[in-house]
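J.: Chain by chain, the residues run as shown.
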Amino acid sequence: MTHGFAGDLQAVGAAKYRPRPAWKRLWPIYPILAFLLALFVYPVVQLLSLSVFTPNGGLTADHYERLFASPVYLQVLRNTLEIAGWTTLLCIVGGYPIAYLLATTERGTRNRLILWVLLPFWTSFLVRTFAWIVLLGRRGAINGALQALGITDQPIALLYNMTGVMVGMVHAMMPLAVLTMLSVMENIDRNLMPAASTLGARGGQAFWRIYFPLSLPGVAAAGLLVFITSLGFFITPALLGSPRETMITQVIIQQVEEMLNYPFAGAIAMLLLATALVVFYLYDRALGMSTLAGSATTGQRGADERGRLGAGFAWIGTIMVAVFGKLSDGIAILWEKAMGSRADRPPRASGRVALRMAVLLLLIFLAGPSFFIIPVSFTTEGFIEWPPQLFSLKWYGAILDHPQWIPAITRSLVVGFLTACLAMAIGAPAAFFLARQRFFAKTAALAFILSPLILPRIVIAVALFYLYARVGLIGTELGLIFGHTVLALPYVVITIMAVLKNYDQRLDHAAASLGASPPRVLWYITIPLIRSGLIAAFLFAFVTSFDELTIALFVSSGLATTLPKQMWDDAILKVSPTLAAVSTLLLVFVTVVILAAEYMQRRAAARS
Amino acid sequence: MITPKLKIRELRKTYGPVVALAGANLEMPEGEFLTLLGPSGSGKTTLLMMIAGLVQPDSGEVWIDGKLATYAPPHKRDIGVVFQNYALFPHLTVFENIAFPLRMRGMRASEIRREVGRVLELVQLAEVGERLPRALSGGQQQRIALARCIVYRPSIVLMDEPLGALDKKLRDQMKLEIKRLHDELGITVLYVTHDQEEAMVMSDRICLMNQARIEQIGTPAELYFRPQTIFAADFLGESNLFDAVVEREEGAEVELSSAAGGTIRLARDPHRSFSRGEAVKVMVRPETVSVLDNGKTADNIVEGRVTDAILVGGVTKYYARLADGTQISATDLTRGPLAPIVRGSEIRFGWPKGGGVILPVREQGL
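So the protein lines, in turn, are chains S and X.
For the first sequence, the numbering used here assigns the number 1 to the initial residue and increments by one for each residue that follows.
For the second sequence, the numbering used here assigns the number 1 to the initial residue and increments by one for each residue that follows.
Some clues are possibly wrong.
Subject to a maximum C-alpha distance of 30 Å in a straight line, what follows is the list of computed BS3-like cross-link-like pairs (lysine-lysine) [claimed, not checked]:
no.: 1; chain 1: X; residue 1: Lys76; chain 2: S; residue 2: Lys337
no.: 2; chain 1: S; residue 1: Lys337; chain 2: X; residue 2: Lys179
no.: 3; chain 1: S; residue 1: Lys501; chain 2: S; residue 2: Lys24
no.: 4; chain 1: X; residue 1: Lys67; chain 2: S; residue 2: Lys326
no.: 5; chain 1: X; residue 1: Lys67; chain 2: X; residue 2: Lys169
no.: 6; chain 1: S; residue 1: Lys337; chain 2: X; residue 2: Lys168
no.: 7; chain 1: X; residue 1: Lys179; chain 2: X; residue 2: Lys281
no.: 8; chain 1: X; residue 1: Lys179; chain 2: X; residue 2: Lys168
no.: 9; chain 1: S; residue 1: Lys326; chain 2: X; residue 2: Lys296
no.: 10; chain 1: X; residue 1: Lys281; chain 2: X; residue 2: Lys317
no.: 11; chain 1: X; residue 1: Lys296; chain 2: X; residue 2: Lys353
no.: 12; chain 1: X; residue 1: Lys317; chain 2: X; residue 2: Lys296
no.: 13; chain 1: S; residue 1: Lys574; chain 2: S; residue 2: Lys394
no.: 14; chain 1: X; residue 1: Lys76; chain 2: X; residue 2: Lys169
no.: 15; chain 1: X; residue 1: Lys353; chain 2: X; residue 2: Lys281
FYI, nobody ran anything at the bench for these hints, they're computed from the structure.
Keep in mind that this is a model prediction, so the values were computed, not measured.
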């Protein structure tokens with residue numbers, strides 16, 4: 001009986017229901033892989049090879065000899081490492097309390113507070129940098145306040161030096177640090193700290209011995225991301241620093257724009273890339289790349305899996321953690337003695353209050369500065385000063401009168417929209433595939449798709465410039481869209497994968513068992529349920545393009561100027577109130593888009 | 001007089017308009033195993049968390065081992081908590097997890113090694129010390145959580161649904177394991193569960209909770225046979241509940257009238273009195289109701305038509321409908337195949353005077 005039945009089934013279904021071969025099953029990730037190979041891997045490899053080959057095809061080390069012969073470039077590299085290092089340290093130290101509070105507070109509070117991290121995260125770097133010019137300038141808000149209070153009678157130099165660069169960089173990078181650490185901290189079991197306290201640990205011991213070690217993967221990942229991203233910065237040092245704070249990316253721009261020396265630019269790009277890779281390598285040796293994914297939060301590898309280096313770190317770590325625990329508890333005991341703690345009345349939550357105060361100040365530092373742009377845009381004067389002489393709309397009028405602004409805004413909107421469409425078309429299938437299917441090279445594929453996030457943008461930008469110059473895409477919208485899509489794809493894939501992670505796939509199975517074909521399941525069940533998440537991904541892609549400067553700087557070539565490019569050109573000449581007016585418009589626009597995306601994502605989370 | 005290990009006085013907690021616990025009173029002598037039993041949202045976990053110091057009460061007092069501890073921080077309370085998901089520290093080995101409370105108490109390294117070894121023996125997991133918690137099975141993690149909790153000999157061990165995450169077989173095994181540890185070590189245990197079987201098997205006394213208040217405290221037998229409220233009668237085991245009106249109390253007997261079974265005569269509970277004409281419920285456990293053969297009699301007799309007879313091995317469960325529509329269930333020994341009682345049979349059920357409990361109908365509390 002059984003045999004006969006199975007035999008029949010086989011006879012009927014043999015042709016139709018054969019498992020599909022793996023290469024056919026993988027179709028959803030082919031477009032994204034092809035796209036990235038053509039517009040990311042190929043141009044970058046070519047740029048880098050330019051630095052080691054002569055035009056005739058022979059090998060040459062000339063460019064590298066020149067690079068290392070001149071003390072200028074090594075000094076720039078040292079500057080870059082120093083600035084990136086300090087930025088990383090300050091971002092971690094400042095970001096940790098924010099992430100900790102967000103991870104340990106109630107959900108409602110967390111959702112309200114996290115907006116104040118997300119807003120600066122998505123606000124244009126340019127806008128935020130201008131805001132610091134308003135705040136830190138000789139006639140800026142801070143110097144104004146200091147002088148009005150009689151603390152100084154001369155303005156202090158806060159701008160066009162290391163201070164300005166550090167403030168700008170830390171401000172730019174801290175949201176990334178907070179969000180990265182938060183993703184790890186949110187996975188730490190909330191019962192562990194109460195458990196430690198019932199076992200006899202004071203707050204300090206519980207935090208340093210239990211919570212802190214568990215949050216370390218997040219700290220390390222945040223440190224890595226901030227450091228790597230900082231290496232490629234140029235807006236902040238160019239606008240807030242002096243030539244003494246020149247960073248490596250600025251030198252690459254200079255070589256391409258002023259010298260048209262691609263091979264040498266390639267050599268410097270290689271130096272930047274090599275630096276990044278060395279950092280990655282060290283990170284992997286010390287902590288393991290898997291910690292980057294944030295999933296490995298339930299602890300470091302077992303003692304036996306750790307290398308000798310790791311074991312040494314662990315030993316030092318244990319001692320450090322115990323000492324920190326003792327120290328903080330010592331302070332807590334002194335504080336309790338001073339305040340008087342008794343078993344018959346509720347204690348004051350002094351530690352928590354102090355944490356809240358610190359986080360409040362940090363959030364003001366993060367979200368506050370941008371708003372100083374707004375009043376300045378209504379000034380009657382022709383320069384930026386604080387407080388501005390109000391009230392005039394002439395700078396908004398100047399935007400309309402100027403021949404460049406309106407076309408630039410239009411182009412940015414169009415390019416942003418089309419970039420988002422393209423990124424969704426290529427990224428969404430890949431995200432579905434990666435979130436749901438198992439296949440051997442899943443981690444590698446994901447790492448590859450996310451790599452444009454990690455590689456310094458300037459390298460991609462110069463590489464694309466070199467490629468486009470030969471295929472005639474310079475100064476075209478299409479060139480911009482392609483370039484921006486490379487950068488937007490990681491965001492699209494991450495966002496959609498995150499939404500799918502929370503999606504109950506049994507709903508799809510149920511629909512299929514009720515007779516729906518895969519396309520119908522997708523159309524009637526999956527997409528309606530994750531619609532908000534898809535919209536959020538679209539908006540993130542849009543904002544990525546809309547705010548993008550590095551690629552636009554090269555690819556638009558003055559012909560097809562985007563809004564950030566126009567702002568940059570203007571800022572290089574003179575920081576005028578027109579910029580404040582444009583920034584205000586941009587700030588309002590991005591805020592609306594982000595709030596919409598955030599709202600959509602939350603609705604998606606609530607529905608699935 | 002011996003100081004109770006735990007004393008709770010008028011402990012109260014509200015979350016905005018929601019009352020999580022309305023004025024609880026409780027005392028536990030040393031060595032007792034007391035279970036907080038109740039449906040979810042009955043306030044049992046809130047009470048436990050306040051005893052642990054992880055939730056601050058609005059008012060009332062908590063005394064642990066004769067010391068006032070209402071607002072003392074958890075680390076100064078001398079309590080141990082076994083959490084529902086165990087809360088083992090994932091980055092520390094089993095040994096370090098168990099050593100943690102000893103380190104917090106500044107114990108010497110040699111003593112720590114000895115004590116950790118001792119409790120690992122006790123939970124029969126001496127060989128897993130160097131593993132990380134996630135390398136252990138659920139049942140092993142559970143034992144380690146227990147070991148970590150008893151290693152420093154706290155005054156009270158609090159357990160918050162510790163078996164919730166285990167499958168049935170393992171749960172039964174761990175129930176006995178916990179009971180064994182309790183007996184061997186003489187520890188005082190406050191246990192939270194919503195599983196009545198767990199509560200019955202393990203507890204010296206059960207504290208039944210419902211709607212943010214303590215419904216009844218007593219031994220499992222007291223709760224089962226002498227419930228004081230309809231909720232208590234209904235929550236533990238199966239029960240028959242009849243509407244009735246008190247007719248008279250005479251000597252050791254109460255006489256009631258009911259639509260379901262005419263006159264009901266029950267033994268009088270010396271601690272309770274009812275006024276004539278008061279509407280009450282009469283609770284009778286199915287196993288005290290027996291099927292009456294012809295000629296047999298009982299203190300109380302009702303007649304009904306069998307709607308279902310389910311053979312459960314040695315006993316058979318009978319479900320029947322009385323003349324007025326009231327449902328009754330009886331659990332009686334299974335009869336031989338020669339005289340089966342089948343669906344539709346008209347039979348008489350009876351129970352003795354001592355087999356029923358009178359319960360007040362009026363709303364509890366406010």
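J.: Does each hint hold? Answer for all of them.
T.: Against the structure, the hints come out as follows:
| no. | hint | verdict |
| --- | --- | --- |
| 1 | X:Lys76 / S:Lys337 | holds (15 Å) |
| 2 | S:Lys337 / X:Lys179 | violated (42 Å) |
| 3 | S:Lys501 / S:Lys24 | holds (24 Å) |
| 4 | X:Lys67 / S:Lys326 | holds (27 Å) |
| 5 | X:Lys67 / X:Lys169 | violated (40 Å) |
| 6 | S:Lys337 / X:Lys168 | violated (50 Å) |
| 7 | X:Lys179 / X:Lys281 | violated (36 Å) |
| 8 | X:Lys179 / X:Lys168 | holds (17 Å) |
| 9 | S:Lys326 / X:Lys296 | violated (78 Å) |
| 10 | X:Lys281 / X:Lys317 | holds (22 Å) |
| 11 | X:Lys296 / X:Lys353 | holds (15 Å) |
| 12 | X:Lys317 / X:Lys296 | holds (20 Å) |
| 13 | S:Lys574 / S:Lys394 | holds (17 Å) |
| 14 | X:Lys76 / X:Lys169 | violated (37 Å) |
| 15 | X:Lys353 / X:Lys281 | holds (15 Å) |
In summary, the structure is inconsistent with hints 2, 5, 6, 7, 9, 14 from the numbered list given earlier, while agreeing with the others.
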